[in-house]
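Chemist: Please construct the entire structure, taking both the sequences and the accompanying hints into account.
There are 2 protein chains.
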Amino acid sequence: MEIKLEANVLSANDRIAQENRRRLAEHGIFCLNLISSPGAGKTTLLERTCELLRGRLRVGVIEGDITTSLDADRIARHGVPAHQINTMGACHLDARMVQKALEKFALAELDLLIIENVGNLVCPADFDLGEDAKVVVLSVPEGDDKPAKYPAIFQRSAVLLLNKIDLLPQSNFDLARVRKDLEGINPGLRLMEVSALHGTGLDQWIDWLQGRVQAKRKG
Amino acid sequence: MEIKLEANVLSANDRIAQENRRRLAEHGIFCLNLISSPGAGKTTLLERTCELLRGRLRVGVIEGDITTSLDADRIARHGVPAHQINTMGACHLDARMVQKALEKFALAELDLLIIENVGNLVCPADFDLGEDAKVVVLSVPEGDDKPAKYPAIFQRSAVLLLNKIDLLPQSNFDLARVRKDLEGINPGLRLMEVSALHGTGLDQWIDWLQGRVQAKRKG
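Those protein sequence lines, which keep their order, are chains Z and F. My numbering applies: residue 1 is where the first sequence begins, and numbers increase by one. My numbering applies: residue 1 is where the second sequence begins, and numbers increase by one.
What the hints contain is simulated information worked out from the structure, not anything from laboratory work. Check each hint, because a few of them may be wrong.
Where chains are identical, the list cannot tell them apart; a pair therefore holds if satisfied intra-copy or between any two copies.
[Unchecked claim] Calculated pairs, DSS-like style, for lysine-lysine (alpha carbon to alpha carbon, straight line, at most 25 Å): (1) Lys149 with Lys216; (2) Lys149 with Lys104; (3) Lys180 with Lys104; (4) Lys218 with Lys180; (5) Lys100 with Lys149; (6) Lys180 with Lys100; (7) Lys216 with Lys180; (8) Lys216 with Lys104.
Modeler: Structure representation (structure tokens):
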């Protein structure tokens, strides 16, 4: 019996992630961990999301960056509580960083917390932050081979936001290939084609967010 | 005196990197470590480079990927010796992986070795592989804030290949901002505006490679 228990001991990160998850659940907050390469458009997407949810959901944002507070500044302009985590060189957020950042929010005032991870398609996939779901952003100019080459994050995400869809006609991006690769990697993944810059295709994303927030409140 | 020596002891990775460097120098091979986010266009750029150098320099390529051999297959089609390193989940190449890969090449038959690192703008910056120079690829759709947000790799590179320059007119990418940020980060960095897909702006890149290979042979 003891051996069995020992196998269930969580790593330090996972233990703190579970504490974060419990704390957010107490407040009925739905939490997302947003992951992509640098420049896929996470921050622009977040800005659009904040605009579209204004008056409908109370949103908070944690911005993860290696250095600078450029992203938190961009989000704060939308009247949303946004706090920056600077990882000081680290290539991903971990649960302890998020735990500290949570102290800065009035959690009773939030419905939805979005954590924008460091721009990195690899390392953040391995660190549970206490979120309800991971969302991966892939942009058309990055190429259609990315799910095959970086499967972990596509495997662990609930939604793939395929961003910069307006650049499809000028690219050699093969959407059918992506769909086929994803069927092997994660058949349950919801793919949404969007352009954060032009504001297209975001209805389904906003609907999904509202649905998940409602489900979390009831839960 | 002993204390001074101890301070100079290199880490395990750096020690192997130095061995790689010595080995390549013995054969007069100039070696590059090519780093970027996923999808910035490293492999397409390498394919173009192999085409343009055919009959002029003897090129070898090491392809670093977390999984799959998609990239090495693409390069091998150009008649260039290409060997794949699969990192099995690791987010960067290290010197030992490169040391093993070097065994697969006939080093006496090479002038230039290009190592394509794992797609990641963060972690590979910290690992010396034994290269003569790092080259960073940034693509226009990734955005003009990347040098400010991920300074380490821009600080440590000799050349910045600004790729997908053909997408500049449809983007909000501010080239003047990038130049200004880079002056603070690394004033010696050579910025070259290119489109690997369309083959534009590559003359200066090929000239630079040939110059560096010649200098290495004489050295």
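Chemist: State for each hint whether it applies.
Modeler: Each hint, compared with the structure:
no. : hint               : verdict
1   : Lys149 with Lys216 : neither (33 Å within a copy, 34 Å between copies)
2   : Lys149 with Lys104 : between (37 Å within a copy, 23 Å between copies)
3   : Lys180 with Lys104 : neither (42 Å within a copy, 34 Å between copies)
4   : Lys218 with Lys180 : neither (35 Å within a copy, 51 Å between copies)
5   : Lys100 with Lys149 : between (33 Å within a copy, 22 Å between copies)
6   : Lys180 with Lys100 : neither (40 Å within a copy, 34 Å between copies)
7   : Lys216 with Lys180 : neither (31 Å within a copy, 46 Å between copies)
8   : Lys216 with Lys104 : within (22 Å within a copy, 54 Å between copies)
When each numbered hint is compared with the structure, violations occur for hints 1, 3, 4, 6, 7.
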